[in-house]
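Undergrad: In case you want the letters, here they are:
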Amino acid sequence: MTASVKSTVDAAKNDIQKLTIGKALNLGLRTAMEADDKVIVMGEDVGKLGGVFRITDGLQKDFGEQRVLDTPLAESGIIGTAVGLAVRGFRPVCEIQFEGFIFPGFDQIVSQVAKLHYRTQGKVKVPLVIRVPFGGGIGAVEHHSESPESLFAHVPGLKVVSCSNAVDAYWMIQQAIASDDPVLFFEPKRLYHSGALRAEVDPTATPGPLFASRVLRTGTTATVVAYGPSVKVALDAATAAEEDGHSLEVIDLRTLSPLDLGPVFDSVRRTGRLVALSEAPGESSLTSEIATRVQQECFYSLEAPVLRVTGFDTPYPPAKLEEHYLPDLDRVLDAVDRSLAW
Amino acid sequence: MPSPEQWTHPEPGAGPAAEAAQPTPEQVIAGLRATNEGGPELTQLLTPEGERLSSSVFDRYVADIDSEALRGLYRDMVLVRRADRESNAMQRQGQLGIWVPLLGQEAAQIGSGRALKSGDMAFPSYREHGVAYTRGVDFKELIGIFRCTDHSGWDFKKHGFHPYTIVIGNQVLNATGYAMGQKFEGKVGDDDGEATIVYFGDGATSQGDVHEGFVWAAVYDAPVVFFCQNNQWAISEPTERQSRLPLYQRARGYGFPGIRVDGNDVLACLAVSRWALEECRHGNGPVLIEAFTYRMDAHTTTDDPTRYRLSDELEEWKLKDPIERVRAYLARGGGADQAFFDQVQADADAFAAELREYVFSMADPPPSRIFDNVYADPSPVLDAQREEFLSYLDGFATAGEH
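As they're listed, the protein sequences go chains A and B.
Residues in the first sequence are numbered from -16 upward in steps of one, following the numbering used here.
Residues in the second sequence are numbered from 41 upward in steps of one, following the numbering used here.
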């Protein structure tokens, strides 16, 4: 790395900055690449273009074409070669442009990325991060708005996380890269550039653990658990609920595999009610798992069944219908009302 | 005998491309099958009759292979064949869950495996027991896969031999990525450079991962040798179900060299692999090698080749046995006497007996193994499952004590 690049990174790191999620991810990647020259970024258009969402903007210019690889167009190729690079000792960070395009790479993820460590009794490590912009609300054509995270959370050997704010984005991407386990990193694409979500990122702070959920807002009436883009919906719903005199506790799951449900159990034991929120289809999903385990752990504390607010069990609809498909704060409040009416 | 040259390949401006590009199915099959001898472009140094052929290109790559070295290659092949037959028998006796025979492919595996240097990395599919042997992986280290006590036990870094890959073609991309890493680390450029070799079959060439591996390797000039063992059958599907063209010719479309070698000729496999690896070490890779060979047994012990191929075909290939031609050459030229052949056979029998004894004494892994190494870092969810299950098992032990 050139001196000018280092000084740029240092300057950025020394300042507490108000960053969007997108800029925070960029700075997090930049910091990780500076700290370890084995970290490489690879994917379609991640170099000169800076990625279709510009998350890798400027990285190739500063770190060179051998550390920011504009790859041929094939997802299995991106992930499959990243496996080989990881086996060799690199720490690749793959970008999949949209979640709907990850499926050509699904075989490599499930068959090799997830299992190599287990198959070799720990002799082969795959310190690989796969960044996946996911979720709807951007008015896109099909295959650009899906929420397939439950498919990956179901696979032993993978760790799956999702960030919902700039501070987490900055730290979690670095922690995912530092992890010796493969991490699927689901990014809330519709929030990437949200000015309203700009937050102060302090590079000198000490981050919390990567694989832990967190209470973002305390409350007493009911608990709402969400992750990724749905966290903002949950927080908006909590603000709106205040006007009705309801106090909602909001938990950001953050880690989808392994699930950290301890804070959810604690919360439900206090509130007696849980609404699990996600954009993904509900059947056989993360929200199913949450409902099951809360029922097992908090049965005598529950005042109502665990209710779920999710996408429907359909393919993602044409974007002109997504406002009906995506859970919004009204559907969350309706679920809270139904829980209270039990 | 018909050959691929019976129909022409379309060249730019060479006439009606549509006509040239569309051989009849019979021509395609003839082109591949004729190959009876592998076709006119087959690289061969030792004929099935044990005659040494000279090659202006490849002789220099095996100039060091004197009688002693050739006796070593012969011994390698006899030992792995004997262990292969023993393992096949042990599967039939219920000692192994499954076996993947290498019978007939000894030359392709020993020749290419012995071409590797210590800094190289080999990515196998699941039939490369002979390559494993050349990399110092004991049969006892890989038999656990087939005994179903393990998925992969050897130290891949120490041996330069990656774990087996069962999903067809996955390893081609993994190997290409590894080779990219060798290049990124500046390990190519001279005789001391590193290279990667990846093994796959004719059936795998239909997989997208193999195509993508070719693309990536070409784009990044990765030092990787694609070693396709065309053993004519992908379980029950013949090579003509995979390709209209001889497989080695596909390399041209990706912009790197492809070569067909007699996969039953250990000397030619060694020479061609050394050449290809040298190309990679010097930064001129990738290279595709099609080792034209034949699987003389089933795909695995679960299938029945008599359902899908004729016995005539097998009988014909028996005449091209990779071991017998070396034996004939050594015997005819005085490179080995009967005492040597007898000793190798005795060594092979002892090798197999030792393997058998080992397999029969293999213990099942402890139940806790189920939970080991799913992740590099602890997983609280899994830790809780392990604790609960082991406690459950302990309950039986306690009950049994009463």
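Keep in mind the hints are simulated off the structure, nothing from the lab.
Any given hint could turn out to be false.
[What the hints assert, rightly or not] Derived DSSO-like pairs: lysine-lysine, alpha-carbon spacing no greater than 27 Å straight-line:
hint: 1; chain 1: B; residue 1: LYS197; chain 2: B; residue 2: LYS180
hint: 2; chain 1: A; residue 1: LYS108; chain 2: B; residue 2: LYS197
hint: 3; chain 1: A; residue 1: LYS1; chain 2: A; residue 2: LYS44
hint: 4; chain 1: B; residue 1: LYS180; chain 2: A; residue 2: LYS106
hint: 5; chain 1: B; residue 1: LYS227; chain 2: A; residue 2: LYS44
hint: 6; chain 1: B; residue 1: LYS157; chain 2: B; residue 2: LYS180
hint: 7; chain 1: B; residue 1: LYS180; chain 2: A; residue 2: LYS108
hint: 8; chain 1: A; residue 1: LYS106; chain 2: B; residue 2: LYS157
hint: 9; chain 1: A; residue 1: LYS21; chain 2: B; residue 2: LYS197
hint: 10; chain 1: B; residue 1: LYS227; chain 2: A; residue 2: LYS21
hint: 11; chain 1: A; residue 1: LYS21; chain 2: B; residue 2: LYS157
[As the list claims (entries may be wrong)] To list a few chain A residues with every Cβ distance to chain B over 10 Å, as calculated:
hint: 12; residue: GLN0
hint: 13; residue: VAL107
hint: 14; residue: LEU199
hint: 15; residue: ASP227
Think of the CB as a built atom: it goes at the ideal place given N, C-alpha and C, for glycine as much as any other residue.
Undergrad: All the hints need checking, so say for each whether the structure fits it.
TA: Taking the hints in turn, this is what the structure says about them:
Between B:LYS197 and B:LYS180, the direct Cα distance comes to roughly 18 Å. Compliance with the 27 Å bound is thereby established for this hinted pair. Between A:LYS108 and B:LYS197 the alpha-carbon distance is near 12 Å, which keeps this suggested pair within the 27 Å criterion. Using a Cα cut-off of 27 Å, the hinted pair A:LYS1 and A:LYS44 holds, with the two alpha carbons roughly 24 Å apart. Taken as a hint, the B:LYS180 and A:LYS106 pair is honoured in the structure, with Cα atoms around 18 Å apart against an allowance of 27 Å.
This hinted pair checks out: B:LYS227 and A:LYS44 have alpha carbons roughly 24 Å apart, not beyond 27 Å. The suggested pairing of B:LYS157 with B:LYS180 holds, with an alpha-carbon distance near 23 Å, which does not exceed 27 Å. The suggested pairing of B:LYS180 with A:LYS108 holds, with an alpha-carbon distance near 23 Å, which does not exceed 27 Å. This hinted pair checks out: A:LYS106 and B:LYS157 have alpha carbons roughly 22 Å apart, not beyond 27 Å.
Restraint check: the Cα-Cα separation between A:LYS21 and B:LYS197 comes to about 18 Å, which is no more than 27 Å; the hinted pair holds. Pair hint B:LYS227 plus A:LYS21 holds up; C-alpha atoms about 15 Å apart against a cutoff of 27 Å. For the suggested pair A:LYS21 and B:LYS157, the alpha carbons sit about 25 Å apart, so the restraint of at most 27 Å is met. The claim that A:GLN0 lies off the interface holds: its Cβ sits roughly 30 Å from the closest Cβ of chain B, which is beyond the 10 Å cut-off.
Its closest Cβ contact with chain B, about 6 Å, brings A:VAL107 to no more than 10 Å, contrary to its assignment away from the interface. Distance to chain B confirms A:LEU199 as a non-interface residue, since its nearest Cβ pair spans about 21 Å, more than 10 Å. For A:ASP227, the requirement that its beta carbon stay farther than 10 Å from each beta carbon of chain B is met, with the minimum near 36 Å.
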